[in-house]
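Student: Listed below, chain by chain, are the residues.
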Amino acid sequence: MAVRIAEEWLHSCSGCEIAILNIGEPLVELLSALEFVHIPVLMDHKYYGQTGEGKVLDIPEADVGIVSGGVANEEHLEVLEEMRKKCKILIALGTCATHGGLPALMNNWDVGEAHKQIYQTVTTDACTVPDQKVPKPLDRVYALDEKVKIDLMIPGCPPNSQHIAGAILALLHGEEVKLPTKSVCDTCPTVRKGKGDVKKVRRFLENAAYIAEEPIDKMRCLLEQGFMCMGPVTLAGCAKRGAPSCIIARVPCRGCFGPVRKGGNQMLDMMNALASNGIDFKSVIDRKNLLRFSGAHGLIKQQRPTE
Amino acid sequence: MGKVLTIQPVTRIEGHASIAIELDDNGNVKDTKLHLMSLRGFEKFIEGRPAEEVPRIVNRICGICPWMHHLASVKAVDACFGVTPTPAGHKLRELCQVMAHINDKILHFFFLAAPDFVIGPDSDYAVRNVIGIVKAAPELAQQVVKMRQLGQMMLERFAGKAIHPIAGVTGGFAKPMTEPERVGLLRDTQTLLDFAVYALDFAKNNVFNKYLDVISKLGTITTGFLGTVDDNGALRIYDGKLRLMQPTGEYVDFPCSEYTDYLAEHVEPWAYAKMPYAKSWQEGFSMDLDQPKGIYRSNTLARINVCDHIATPKAQAALEEFRAKFGRPAQFTLLYHWARLIELVYACERTIELLQDKSITDPNIRAKVEPKAGRGVGCVEAPRGSLIHDYTTDDNGCIVSANLIVGTTHNIAPMNMSVKQAATMLIKDGVYDQGMLNKVEMAVRAYDP
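Those protein sequences? They're chains E and R, same order as listed. The numbers in this note's numbering rise by one with no breaks, and the one at position 238 of the first sequence is 238. For any residue, its number in this note's numbering is found by taking its place in the second sequence, counting from 1, and adding 1000.
Certain hints may be false.
To be verified - Only pairs whose alpha carbons sit at most 16 Å apart, straight line, appear in this in silico EDC-like list of lysine to aspartate or glutamate: (1) 288/E <-> 269/E; (2) 288/E <-> 1047/R; (3) 1279/R <-> 25/E; (4) 1135/R <-> 217/E; (5) 133/E <-> 1047/R; (6) 1372/R <-> 206/E; (7) 1146/R <-> 25/E.
These aren't lab readings, by the way, just hints derived from the structure by calculation.
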């Protein structure tokens, strides 16, 4: 019998769903062993019945549930709780779901005040923040496991398509799901010479030094070139072509798979990593930005109002 | 007693929306609303960030069109810092922009929209989707999946990431293109162009001509249009000037940096998304079907309408055929799909043009950059419409304030109007069914929100 799958997206951008599609041709084969019962991006199952007469939000029962995005409003919470109730195994897909992701940067502000300002930009007509028939915001952005039990975390912004396919295949065959546990640096082939003479980290305002015709394993480590690179504290998984994907573009890592240390704090861990290499951590211009992918779980806290 | 029909969630679109159709005592449509349910607040939380980091933050606004946010953002940062990208940096950015349009159009037409036509608008919802197409037309499905994957992997191979890109940087681009990369991408784009031409023919024969009656009625409204053209009036999707066309066909051109003189955003209390409108027409904002005020549309049909011509031959031939049939500006909402496939052909042809020019491999890809205080507006054509990023920076080059007008939002008011038009036409005397409600959604889907 086919494995039944339900998929939902919450406080998200649809990049995770595109990553599912980017499984590519193997997806077509996988589809024969799967039965999607609910996936709003691709199919027309409705919460309140197909002609909308139901009174309660209903998602069909499924063997595996996949949820992308964090939880930021009442509708997200209702959908997530329904998914938990109806799915035997619940997967948090993508860094928004596992760690809050970029939208959790909002946790730095009072959500009501921030929303007011968003409706006061230069081109916006005088108005109040919409509050009719739209879901009410929660006090902050949450990762899924702050609200319900999650059985499997597949982080990444976007997540690696091969991890998604691998996890579904393993679940199909009743096998253990294997995901990376090392750091981005552990999967990075750039040349490291050990402690260098870098005293400060630089902003990425000029390109790295490298020879374009030479492979990545001839390029000097970007951190050793003096650029802020979060490889040491970030979970591996983005490498698909022999190097982490940002490094393939010759660009430093910003931590999009979340902390390598379970429950770790990417900002503090990075500060420690810099300090232990004799680099002045005060040279990092916007430290809070180092939590840009993992600000849920209370890590990014609301700042005091400045008035 | 009247009742409210709820379509929730609106499906096969990107994002969270629901439709409420309010019926009167006789079961006829009294009012409709398209509720946009989500607000993440990028305009707020990029405050304080170093501006050069922002292009790799705002790409997360949309996982379907991250390249467009990425590139509108690098342009805005360039303008804040007063830097002009090197010629090769500029070319590499445009290349990625047009390549990303290719995948987007294949995705929208075949994965999201086509099930309504290929499986049928009234068919069972359980098969009216891309999985249904895989079963009903396996060869077509295999080809479509293969072509979309090819496009995605071309971007990933060259630029590291296809989703949430990082290779565009203020001053230009982070890595040059090598000659073997150029040759490989050129070969693959030729394959994509062949597919694009096939896709347009397939859709003309199996969708557009077959459903011409539906196309001429469903969701049809009369509005103005907004898009980007070059100095010769040719279609552009990476740079150029904005062209705002009235329903009559008259238009005005302006540089994107002056957008606040022409556009404003209206807010309804029942939708988080703002509704841009043409402030410069000085008639205010109204979604009244008979007398709309300030309403224009963006996205494929808009760009095809505002341009005088397309500078690549196959797309130009397709435009001429389209225009001979539907005039300029064409108003039928479902023609968005036809226009989308014309743009697919253009995007492939333009990618080939860019790759045939060997100067794209020039290693001088990034100009010198100094962070400083300034204001910058960056604009590109996202698949869903003209995308505007407007930043102000402080002396340290960090963001002080930001204003974004995102492609989809231009069409929020028109989508509301199309929903109302479709629902009113379809639902009479309290009679409605799943097929009718799906057709109301088809009026939304045409806009690819």
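Student: Compare the structure with each hint and give your call.
Tutor: Here is what the structure says about each hint:
no.: 1; hint: 288/E <-> 269/E; result: holds (12 Å)
no.: 2; hint: 288/E <-> 1047/R; result: holds (12 Å)
no.: 3; hint: 1279/R <-> 25/E; result: violated (47 Å)
no.: 4; hint: 1135/R <-> 217/E; result: violated (44 Å)
no.: 5; hint: 133/E <-> 1047/R; result: violated (29 Å)
no.: 6; hint: 1372/R <-> 206/E; result: holds (15 Å)
no.: 7; hint: 1146/R <-> 25/E; result: holds (6 Å)
Checked against the numbered hints given earlier, this structure breaks hints 3, 4 and 5; the rest are met.
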